[in-house]
Amino acid sequence: MRYEAPQSVEAAVDLLAGAEGAFVLAGGTDLLVKLRSEMLEPDLVVDIKRIAGMKEITPEDGGWRIGAAVSGAEMGEHAGLVADWPGVVEAAGLIGSTQVQGRATLAGNLCNASPAADSVPAMVAANATVRIVGPQGTRDIAVIDVPESPGKTTLAPGEFIASVFLPAKPKQGGDAYLRFIPRTEMDIAVVGCGVSLVLDSAGKVTSARVSLGAVGPKVMLVEAAAEAILGRALDDSALEDLAAACSAAASPIEDKRGTVDFRRHVAGVLARRAAEIAATRAKGETA
Amino acid sequence: MVKVRVWGSLAEFTEGQTEVEIKATTLRELLDGLAGEYPGLRPQLERGISVAIDGRVYNDSWFTPISEESEVVLLRRLKGG
Amino acid sequence: MALDHSDKPRTFKVVGTRPPRPDGIDKVTGRARFGADIVAPGMLTGRVLRSPHAHARIVKIDTSKARALPGVKAVVTRADFGAVPEDVADVIDNCMAGDKALYDGHAVAAVAASSAAVARKALRLIDVDYEVLPHVTDVDAAMKPDAPVLHAGRQEETVPEGYSQNVMSRVEFGHGDIDKGLAEADRVVERTYRTGATHQGYIEPHACLATMGPDGQADLWCCTQGHYMVRNTCAAILGMEQGQLRVTASEIGGGFGGKTVVFLEPVALMLSKLAGRPVKMVMSRSEVLRATGPTSSTSIDVKIGMTKDGRITAGFAQLRYQGGAYPGSPVDMGSMSAFAPYDLENVKTVGFDVVTNRPKAAAYRAPGAPMAAFAVESAIDELAKGFDLDPLEVRLKNAAREGTVASYGPTFPAIGLEATLEAAKAHPHWTAPLGENQGRGVACGFWFNFGGDTCVTLNVTPDGTVTVSEGNPDIGGSRASMTMMAAEELGIPYDRVRTIIADTGALGQNEVTDGSRVTFAVGLATIEAARNAKREMCKRAAMIWGIDEEAVEWVDGAARPAGPNAGKHDPMTLKEIAAIASNTGGPIAGHYEVNAEGAGVSFGTHMVDVEVDPDTGATKILRYTVFQDAGKAVHPAYVEGQFQGGAVQGIGWALNEEYIYGEDGILQNAGFLDYRIPVASDLPMIDTVILEIANPGHPYGVRGVGETPIVPPLAAIANAVSEAAGVRMTDLPMSPPRVLAAIQGQKGG
Amino acid sequence: MSQIHVTTSINGDATEFLCEAEDTLLDVLRDRLGMTGSKEGCGTGDCGACSVTVDGRLVCSCLMLGAEAEGREVTTIEGMATGDRLHPLQEKFIEMAALQCGICTPGILVAAKSLLEKNPDPSEEEVRYWLAGNLCRCTGYDKIIRAVMDTAADLRRAS
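For the record, the sequence lines run as chains V, U, E and D.
Quick note on numbering: full-length UniProt numbering labels position 21 of the first sequence as 21, and the sequence is numbered without any gaps.
Quick note on numbering: full-length UniProt numbering labels position 49 of the second sequence as 49, and the sequence is numbered without any gaps.
Quick note on numbering: full-length UniProt numbering labels position 373 of the third sequence as 373, and the sequence is numbered without any gaps.
Quick note on numbering: full-length UniProt numbering labels position 36 of the fourth sequence as 36, and the sequence is numbered without any gaps.
No wet-lab data here; the hints were simulated from the structure.
It is possible that some hints are incorrect.
[What the hints assert, rightly or not] In silico lysine to aspartate or glutamate, EDC-like type, Cα no more than 20 Å apart, as pairs: (1) V:Lys55 - D:Glu73; (2) E:Lys747 - E:Glu611; (3) E:Lys747 - V:Asp261; (4) E:Lys308 - E:Asp179; (5) E:Lys620 - D:Glu125; (6) E:Lys121 - V:Glu38; (7) E:Lys13 - D:Glu95; (8) V:Lys256 - E:Asp664; (9) E:Lys575 - E:Glu536; (10) D:Lys118 - V:Glu74; (11) V:Lys49 - D:Glu73; (12) E:Lys13 - E:Asp495; (13) E:Lys385 - E:Glu611; (14) V:Lys55 - D:Asp55; (15) V:Lys49 - D:Asp55; (16) E:Lys575 - E:Asp556; (17) E:Lys121 - V:Asp43; (18) V:Lys256 - E:Asp138; (19) D:Lys118 - V:Glu77; (20) E:Lys620 - D:Glu124; (21) V:Lys49 - D:Glu70; (22) V:Lys171 - V:Glu285; (23) E:Lys121 - D:Glu20; (24) E:Lys425 - E:Glu692; (25) V:Lys256 - E:Asp674; (26) V:Lys256 - E:Glu663; (27) E:Lys747 - V:Glu240; (28) V:Lys55 - D:Glu70; (29) V:Lys34 - D:Glu20; (30) V:Lys256 - E:Asp731; (31) E:Lys121 - V:Glu41; (32) E:Lys620 - V:Glu185.
Here the structure is a predicted model, which means the values were calculated and not measured.
Bound conformation, chain V alone:
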């Protein structure tokens, strides 16, 4: 294995495009586990942390551009980001331990392409995009379009994610992410749910995005769930419908982390709880 730490995007693209079995190293919290378990044996690892901008959070069009090597801990310390997208920041903050937070990144969590990745449903609910650089230049795509199947992304050889973009926070909007794990920390999500919504002055939902993780081969945007609450105040009946839509949309497998029935049911429970938090935030209250 070779290790390179290029100083520019171009140099990184050249390295990645020029080698079979090349992998990007940002936080490394997934990559190193795979190296260790001999799941991966790369010829080349390209550390992108020394490229300018990769460790920066910058305001853009009212939203935030987050460099691909920004860690969860750094996001949690950024007051502006926390104020606008608390759900995304919390989701990133749920990945692993404090130690993992010191390294793990949004881009890495996304490119690992696990259906259970915590930050991905939150980013999908927030309608985040990523900027991909590669031999063919630069392109922006929606976060939801990055994962293809468990462990696989739609990125072409030589491409990597340079940054994640969180759009301007809608006025009277709020987001939240909740996951279910058996312990209080250190587990992979058995179910994850991201909700981002906007309320009108009467407290009715004017727009919503609801996403689920760990209940299908990739993170899903549940449009039926958003429709279930659109135009409604988040009363018990609206929340019941939201939960039912999420449970119906879930198509989980049974594995060591949970059963099919459990995941379906809990998808609804989390959606309901996350929507209530998002609504509280949309009203400008803290939750």
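Got chain V; can you put chains U, E and D on it based on the hints?
Same frame as chain V, but now just chains U, E and D:
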């Protein structure tokens, strides 16, 4: 004679008795006596047993004295963690 | 044997205080050397190739390509060990598979190479021709007559007809007449309980460094609970004399029973022998989980009868424990301990030891007892609640006490169960209010505690300090306890004594650090060694004073004339006597070697509050209190630590920990990510109440305390969760999917 | 395969080492630099026994390549005491018996020190969540949490 209580599944090898009498003044004599009187017990004795004498557990100390009044109970060999 | 020297109630000066442990600074600065922390010149790296199949015949192993790889210095398979004595045959087969690989992760070959990278590559070059066989991992399935058989023809004579050959033995304990007792009951609970297999979960993976020379002498450094056991076992396997193998115990990063057997050590020695160089082997976490000792998973039928005023009229349990790939599950311990806390007229337990295609179970803290207690204490709780009786009162009503004929046979001497129950009843925890979806559970637990072969040597240095050498690895502060007992006995300050763990060349045989034996047995030997040294020092003082040694006594760290007839002499301190040791006959030491039999049994009662989320089935532990008899707490902080650690291991077992096997017999969760031991944020503080009912078999009244604390938690938590969830939980772990399904099943039904 | 030359600072000392590209920082510390205070309990970032700080940030040294340490400032358990003076956390852990076997202790101390530098007055819940990635199998965490809270209180009083 010392009265010795054996655990349930050993009674099969002591003609159905859960209490047998053995002439013994020490643990060693007791074990030898048991093996002599009840050859069916030998496999278990060879695998190792513990013996409770007046409520205290002994594994190997042959010359632990046993009196006729002693309460003697055979136990499966104890193991710990 | 001088066991009956229990002193009258006495006041202690050092024992019962909380001094800093002697190895404290090493452990907080990173200087302490654990199993993997040592190197040797010219050292090679050893690695193990493991079976990817749950059950397979090993048709052929071709190691030629691996041997040809540059940097590979030795390759070992089972064939290199040849025939071994019968009593270690299963041991070596577990370390290196023979004809068959019996579980996922079973070692089949090992290499020693110049680097880890070369060793890794070499493993891939070993061709193993497997004939895959049908497998069985579930205990009940393995007992069926048509189950795939692991070992043919090894069944004990105790097993009746009609069972698979996987049932290796059957035991039965008890007295009275179960049917008669059940007939007297106002209600009978009959249920089946199941527990998952858990791992000891020590944070330090197994590691060792072996050096063997062409002269047949060998040195081994390893993390183990018993380096004398390692020596004896490895010597037997390798056909060596025990005296030729010197084993040094490293600091040990947790064991809990899992380091009472060998895994890497004989392999490392064989690799070193063949390579002619030191070989270091360190397991990965996944190797630890796949191939070292977990516990049994169990299936237990219980039938208990109770009168409406809370008297237990009969208790029956049939216990089925799978012990992995080789015989020896702790089902006998479970069967003996199941009803031990109770004074029962009619009691019977039947146990079956079953083999399955899983790693061989090793001891885990009170091996066999927690599962049995889970079943019995759950059923008692259900009966008590059914009659609307206070579960503590019911336990008090039936509690074993001095004079009770234990369910496993003997009559109890003074024991502390009632004291723990009374303490629990009086504790504010018992009457604290509970909220919605919350429940409180209690349960009792019992453990035997052991003694065993023990040696201690105590040396007095010329400047009057004292060194104690003991042969049991210090797994949780025992050096501090030994130092305290030596200081107490000698009447000198704690900081004038230093205790070390000696290697196998320095002392005689020592039993493994297990069975909660160390503070009891090594403590006893330390006290007796100190007494021997005192006797010698009194003799030296007598020489100086020109009086009979019988006329000298030892008080407060000094020799004094024993009475007015001995004459008037100023006391001679230990320091003064040590200074003239060369002039009075030579160096002063005391040593003591004993098979310390007669350990005192121990009881505990646990109380726990939980909250269950009815929408997700998740359980949160809100409050936890441990009540246990310690005999005499030598260093109370470490006694509390044992109580707390045992309780939390029990919490893990009750809620989340389990070995998960796929249909293919492959372990699904061989890592700390999905083998979920409790983390700090899962828990509240664990409160402790230490009771002290002196053990008459120890000079200071000490009882072992390490194992009992893991016995009650499974049932205590199950009783609390059942109350909070409104449905009786009978299967462990009570993972959220299982609890949610039970809640929903209850609603549906 | 040629080795990578890395220049870094470890516990304030300028340090150079050669490593393989696949060597983790933990491999380098333990096997190349002889600093065995950081422990490997899992190799997958699940146990925290290998905790160190890199440029002041708490990380698992098993989840970082040695090569990534180029130009960084690494601190390990070996750098926690100052000369013959233990760090207050180290003293407190001994005093309050916050360790049994001691294998997790270095990682927990490094993590706790990092917490107290960031938050001198943590609640019990904050300490528990901060240390959730440091597994301890012996103590049930009780005495560890108390020792960290107590040290924080001592340090606040002293400042």
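Here is what the structure says about each hint:
1. V:Lys55 - D:Glu73: Holds. V:Lys55 to D:Glu73 sits at ~17 Å (cutoff 20 Å).
2. E:Lys747 - E:Glu611: holds (18 Å)
3. E:Lys747 - V:Asp261: Cα-Cα ~15 Å, so holds.
4. E:Lys308 - E:Asp179: OK: E:Lys308 and E:Asp179 at ~18 Å, within 20 Å.
5. E:Lys620 - D:Glu125: Given pair E:Lys620, D:Glu125 holds - Cα atoms ~14 Å apart, limit 20 Å.
6. E:Lys121 - V:Glu38: Judged against 20 Å, a Cα distance of about 11 Å means the pair holds.
7. E:Lys13 - D:Glu95: holds (19 Å)
8. V:Lys256 - E:Asp664: Satisfied, since the Cα-Cα distance of roughly 14 Å is no more than 20 Å.
9. E:Lys575 - E:Glu536: Since the Cα atoms of E:Lys575 and E:Glu536 sit roughly 14 Å apart, the hinted pair holds (cutoff 20 Å).
10. D:Lys118 - V:Glu74: The hint holds at about 13 Å.
11. V:Lys49 - D:Glu73: Holds, because 15 Å separates the two Cα atoms, which is no more than 20 Å.
12. E:Lys13 - E:Asp495: Satisfied, since the Cα-Cα distance of roughly 13 Å is no more than 20 Å.
13. E:Lys385 - E:Glu611: holds (19 Å)
14. V:Lys55 - D:Asp55: Distance ~14 Å between V:Lys55 and D:Asp55 Cα, so the pair holds.
15. V:Lys49 - D:Asp55: holds (14 Å)
16. E:Lys575 - E:Asp556: The given pair, whose Cα atoms are some 12 Å apart, holds under the 20 Å limit.
17. E:Lys121 - V:Asp43: holds (15 Å)
18. V:Lys256 - E:Asp138: holds (16 Å)
19. D:Lys118 - V:Glu77: holds (11 Å)
20. E:Lys620 - D:Glu124: Roughly 16 Å between the alpha carbons, so the hint for E:Lys620 and D:Glu124 holds.
21. V:Lys49 - D:Glu70: Given pair V:Lys49, D:Glu70 holds - Cα atoms ~12 Å apart, limit 20 Å.
22. V:Lys171 - V:Glu285: holds (13 Å)
23. E:Lys121 - D:Glu20: holds (16 Å)
24. E:Lys425 - E:Glu692: holds (17 Å)
25. V:Lys256 - E:Asp674: The hint holds at about 8 Å.
26. V:Lys256 - E:Glu663: holds (12 Å)
27. E:Lys747 - V:Glu240: The given pair, whose Cα atoms are some 18 Å apart, holds under the 20 Å limit.
28. V:Lys55 - D:Glu70: holds (16 Å)
29. V:Lys34 - D:Glu20: holds (17 Å)
30. V:Lys256 - E:Asp731: The given pair, whose Cα atoms are some 16 Å apart, holds under the 20 Å limit.
31. E:Lys121 - V:Glu41: holds (12 Å)
32. E:Lys620 - V:Glu185: At roughly 13 Å apart (the allowed maximum being 20 Å), V:Glu185 and E:Lys620 satisfy the hint.
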